[in-house]
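K.L.:
First to last, the protein sequences are chains D and V. For the first sequence, the positions run 0 to 324 when numbering that gives the first Met the number 0 is used. For the second sequence, the positions run 0 to 358 when numbering that gives the first Met the number 0 is used.
Ranges between beta-carbon positions, derived for each pair:
no.	chain 1	residue 1	chain 2	residue 2	range
1	V	W278	D	K180	37 to 43 Å
2	D	R199	V	L334	33 to 39 Å
3	V	H333	D	H243	35 to 41 Å
4	D	E221	V	D264	34 to 40 Å
5	D	M90	V	Q81	36 to 42 Å
Just so you know, these hints were derived from the structure itself, not from any lab. Note that the structure is a prediction, hence the values are computed from the model and not measured. For each residue, glycine too, the CB sits at the ideal point set by N, CA and C.
Take a look at the letters that make up each chain.
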Amino acid sequence: MAKVTMIEAINRAHAWEMAHDPTVVVLGEDVGINGGVFRATVGLQEQFGKDRVQDTPLAEGMIAGLAIGMATQGLRPIAEIQFMGFIYPAMDQICSHMARMRNRTRGRLTCPVVIRMPHGGGIHAPEHHSESLEAMFAHHAGLRVVCPSSPARAYGLLLAAIRDPDPVIFLEPARLYRLVKQEVADDGLALPLDVCYRLREGSDVTIVTWGAMVSDTLRAAEKLEGEGVSCEVLDLATLSPIDHDTILDSVAKTGRLVIVHEAPRNCGIGAEIAATVAEHGLYDLHAPIKRVTGYDTIMPLSRLENDYIPSTARITDAVRETLAE
Amino acid sequence: MKTVAEFEIKYCQFLDAEGNLAASAPPLARDSGELLKMYRFMTLVRAFDTKAVNLQRTGRLGTYASCLGHEAAHVGVAAAMQTDDVLAPVYREFGSQMWRGVKMASILLYWGGDERGSDFSAARQDFPYCVPIASQMLHGAGVAMAMKIRGEKRCSVTYVGDGGTSEGAFYEGLNVAGARALPAVFVVVNNGWAISVPIGSQTATKTLAQKAIAAGIPGIQVDGNDVIAVRHTVGEALERARRGEGPTLIEAITYRLSDHTTADDASRYRDASEVKEAWTKEPLPRLRAYLMKLRVWDEAHEVALKAECTREVEAAVDEYLSAPQPSTDAMFDHLFARPPKSLLEQRELARRYAGSAGH
Ligand SMILES: Cc1ncc(C[n+]2csc(CCOP(=O)(O)OP(=O)(O)O)c2C)c(N)n1
Ligand SMILES: [Mg+2]
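Isolated chain D, as found in the complex (with noise of 0.2 Å):
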């Protein structure tokens, strides 16, 4: 088995789906022959032309646009996105239309439609090129919202996403891209969305993190491991809807509970996991949860970036604040 990098794993799916279903297209800024700014579609347009692989001129609303009417028609595309700075002019398309076409129409029309796209800071882009904006889209009703956390999972999921009936925002790890390699089948079999994947079984503490952060998050559990700590590690996957029965079910058992993610903490999706289990699971829980969050504030340029994104240090001091209680 090949050993790829999440890019390659993402660009593996992509290909394998087209090769399997006539449907599928793909479309967005410079996919075609440059393979994407990232090359998430290397190679694509050479192997299924240039109608099922468009560039497609520079506005994001258009994408989105497009992408919707020719769901209705049938085709399943996916779109790419650049980065998610630059998601705002489809916002109108995905939210008042793509999220809404199913219900409007009673499921007369309907979008199965992947928007793909980088998520997250890391590596040292300029502005507008690092944000985490999930909780914008888990916010509005009819979206799902994948984040894979491993080049298998990102092959896994994108196919389930491309499969998936409805809308699927893909948010990618930039960070993630090229870090690792990992073993992963080039067999098309698609990894199940809504539910959360344990990725660390522990007693004393569930954390919940997805997207880049799952990397400093097992690397946190692992230093708590020596200091005698039991980390259990979920990664939320898709973070919308949210798995929230894996996540009650693992506090039931630990009794705490760390949110981990780089997203502004102001309304981010870890304040929707809180809650649900200040809902359902608060007699089960031995202290208060903590979040462990990027800041409210703008994703900062390169020279901060680093200082934003939650390091492994406030993680483990996060679990160990929980076990002090």
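Once you've looked at the hints, dock chain V with the ligands against the given chain D.
P.N.:
Chain V with the ligands alone, transformed into the frame defined by chain D:
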């Protein structure tokens, strides 16, 4: 059927690629003082740009968007402006910014990942870079709206790229400026490429200048490598705007001689022969040739100027490199005039964990 609307788009060039001047050239073409000043700036911008790419390649600057080949367009536009006009740039109009007094060290600071780079010491009303493509079109229109409301004889000048003309905000900006006869000039820098997408794939239109027609405003094409034509065309558009006759769209045709940014590799999608051909039309040699014909420039001047530019650039680089690292407070202290309590608490937290990344 009768024709209800017709249009034509004019192309303006005075100095051809060999440095020959057209007979129709304006008096500016004889003003050697101004021409020399523009040539000096274009040479300085070239030296700055070369150095900036070098800083990025050696790990001392972040991703950088080179302006190689755009020097005449950028300097010509700024030279036509009044000091109290307002500029809304995209992200590579360093020639305009430098002409307007923005320090090279500030430009480097921004591309080096520090927000202080956008706190200019001059041109204090000019906008910072606008990375979300074409959104600045509306800022330029809004600035002009304020000037118009107050009855001022000032104008806004807004840049946008050829790729940017595909965004909705491009049309929205042109339209409102036309509808309200705003004192605004919009300059499309058509350098042939939007990253890997050539202009022919971006739009079916024959010229970008004609996008003005739908907004009911004049549109004109200009050789963006001819600084005399750029300065003249922008100057006329600004005068028109100051007279209260409304906005103009100017398409400056040039070529992106560099990669899109230092993070890009244009050889993946662009023929070397096209770039080679574009080098024969680049803006500096033709102006130099013309200045030599005017007998106001020679090899000795050229050598001296290059040395002077190198010194200036090196001084700016020193200033940039010696700027102290911002503290984590910088994330918090400029977000609001009155920071909320929760933010001040987070500022404390950030202080506690400053520099903890990777530990
Ligand atoms: C809204 C938005 N979408 C995408 C991008 C990513 N991007 C940065 S520059 C660029 C191409 C711009 O081309 P053009 O407008 O021709 O300007 P040029 O870079 O050639 O000066 C793209 C797609 C962006 N910055 N903003
Ligand atoms: Mg361009």
